[in-house]
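Peer 1: Protein chains in written order, with the working numbering: chain R, 358 to 621; chain X, 1015 to 1148.
Do not rely on the hints blindly, as some may be mistaken.
[What the hints assert, rightly or not] Far from chain X, some chain R residues (derived; all Cβ distances over 12 Å): (1) W378; (2) M381; (3) E457; (4) G474; (5) D477; (6) G483; (7) P524; (8) E554; (9) Y578; (10) P579; (11) S581; (12) K582; (13) V620.
[Claimed, not checked] Chain X side only, calculated, beta carbon under 8 Å to chain R, not exhaustive: (14) V1046; (15) V1047; (16) T1054; (17) Q1057; (18) H1136.
[What the hints assert, rightly or not] Restraint-style ranges between C-beta atoms, simulated for each label pair: (19) X:Q1057 - R:I530: 16 to 22 Å; (20) R:E509 - X:S1133: 41 to 47 Å; (21) X:T1050 - R:L621: 34 to 40 Å; (22) R:F376 - X:V1072: 50 to 56 Å; (23) R:L532 - X:G1138: 48 to 54 Å; (24) R:Q608 - X:V1087: 38 to 44 Å; (25) X:E1107 - R:L404: 35 to 41 Å; (26) R:L621 - X:R1068: 21 to 27 Å; (27) R:F382 - X:E1131: 39 to 45 Å; (28) X:T1050 - R:E397: 49 to 55 Å; (29) R:D477 - X:S1133: 33 to 39 Å.
No lab work stands behind these hints, which were simulated from the structure alone. For each residue, glycine too, the CB sits at the ideal point set by N, CA and C.
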Amino acid sequence: MADVGEDENQQESENNGEFNWELMFEFGAAYDPSIYKDVEYSGTDYLNLSIYIDLYYKGFFLRSIPNRSTSDLGEIGYELIAKEDWGLDLIFKFYIEGYEYKELLKDQDLPIPALEGLEDKDDGDGYALRYSKYQENTVLTVELARLNIDREKEYWLFESYYSHLIPYKNWDIYLGAGLTFYSHNISDYYLSINSNEISPLRNEYQAGSGFEATVEISAQYPISKNWSFNAGMSQSYFSGGIADSPIFERQNLTQFRIGIRYVL
Amino acid sequence: MFCRVVTAILFAYSGVSQIAYSQINVEQLQLVVKPTKCITLRQGRPCFAQIEIRWQSVIKDDFCLYHYKNEGVQQLIHCWENSQGERFIFNFESSEKITFELINQQNKNIRLFTAVEVSWVHKGTPQKRRWRLF
């Protein structure tokens, strides 16, 4: 961390001149249930092998996001402004996982009548502008994203996240809180029931805009030069418009993760 | 002949430390720390560990133990008088290597070094980030 009095121009040039990379393999267990109705969580789902990558070069970066998927690209971006205590990034990021009914069935023993007949939904990724504010051991990020789902409508998403690091001896303990606002086009696309998707188990439904509030706690501890221990849990709450969808499983979502990480 | 006898007698009754001074050398000292490495999560982050320091000498003498960081100021940890060895627990808290130095107080040229290195899991990067677990 640079000193407060360091010249800002020097700090910026140092940031943009280095190539940094990090590759991580995480082995562990995770409880990450589906948000969609009646999708059972099988025993093999608890085992988790994840690959994370973090690349940085002259303001350009690429990194995976742990919760989105095991190996898919998380976000790629460029630092438009990189100051000591704040920054502005242009990013392309993966926000929402789409679904195909036949893919959901792969790990299921039985059909899922609540989801049968639904139209496939594409992944929700898109461009965003992200503002980050850094202070001591805290960071606040605010991002406005426009998802590339289709060209018929505009799909806007607003996400903010606050993280506070508590270092205790060799432990790093993170407390986090996030709020994501989904425009009605996004909620409708993923959670509404169109007239041609009506079935005995689901009526026509319009989700409308909604939000997701999340609190997280996680901890890391170094085991050796290349290994660390990681654990954490997350609790999310979905607003009524989202949670009331006939294909949405739960208004409150709890996720756990524990494992060891090998860092290259 | 008489002068030689007197000299020999005076030398024989000189202080023990003088005999020790003339006999001790670096090879007769031992300084061991355990562990020799402290692992921290991120480069630049302080690393915490309890370091066991053991030193031993073949003869009793006065020794002092110091520590310092790279190019840093030497800081006294503890001194022992008329001792042949000790075990000491040091609370290590540093983001860089700390060198320990045992110095004989009768002859400051008799000194022994050892160090505890700091290594890390995540190397420092210019990009600030906070990983979300979920």
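Peer 1: Evaluate each hint against the coordinates.
Peer 2: Against the structure, the hints come out as follows:
no.: 1; hint: W378; in the structure: 9 Å, violated
no.: 2; hint: M381; in the structure: 9 Å, violated
no.: 3; hint: E457; in the structure: 23 Å, holds
no.: 4; hint: G474; in the structure: 31 Å, holds
no.: 5; hint: D477; in the structure: 25 Å, holds
no.: 6; hint: G483; in the structure: 19 Å, holds
no.: 7; hint: P524; in the structure: 7 Å, violated
no.: 8; hint: E554; in the structure: 30 Å, holds
no.: 9; hint: Y578; in the structure: 8 Å, violated
no.: 10; hint: P579; in the structure: 4 Å, violated
no.: 11; hint: S581; in the structure: 6 Å, violated
no.: 12; hint: K582; in the structure: 5 Å, violated
no.: 13; hint: V620; in the structure: 5 Å, violated
no.: 14; hint: V1046; in the structure: 21 Å, violated
no.: 15; hint: V1047; in the structure: 18 Å, violated
no.: 16; hint: T1054; in the structure: 6 Å, holds
no.: 17; hint: Q1057; in the structure: 11 Å, violated
no.: 18; hint: H1136; in the structure: 6 Å, holds
no.: 19; hint: X:Q1057 - R:I530: 16 to 22 Å; in the structure: 19 Å, holds
no.: 20; hint: R:E509 - X:S1133: 41 to 47 Å; in the structure: 54 Å, violated
no.: 21; hint: X:T1050 - R:L621: 34 to 40 Å; in the structure: 24 Å, violated
no.: 22; hint: R:F376 - X:V1072: 50 to 56 Å; in the structure: 53 Å, holds
no.: 23; hint: R:L532 - X:G1138: 48 to 54 Å; in the structure: 23 Å, violated
no.: 24; hint: R:Q608 - X:V1087: 38 to 44 Å; in the structure: 60 Å, violated
no.: 25; hint: X:E1107 - R:L404: 35 to 41 Å; in the structure: 38 Å, holds
no.: 26; hint: R:L621 - X:R1068: 21 to 27 Å; in the structure: 36 Å, violated
no.: 27; hint: R:F382 - X:E1131: 39 to 45 Å; in the structure: 25 Å, violated
no.: 28; hint: X:T1050 - R:E397: 49 to 55 Å; in the structure: 51 Å, holds
no.: 29; hint: R:D477 - X:S1133: 33 to 39 Å; in the structure: 48 Å, violated
In the structure shown, a violation is registered for the earlier hints numbered 1, 2, 7, 9, 10, 11, 12, 13, 14, 15, 17, 20, 21, 23, 24, 26, 27 and 29, in ascending order.
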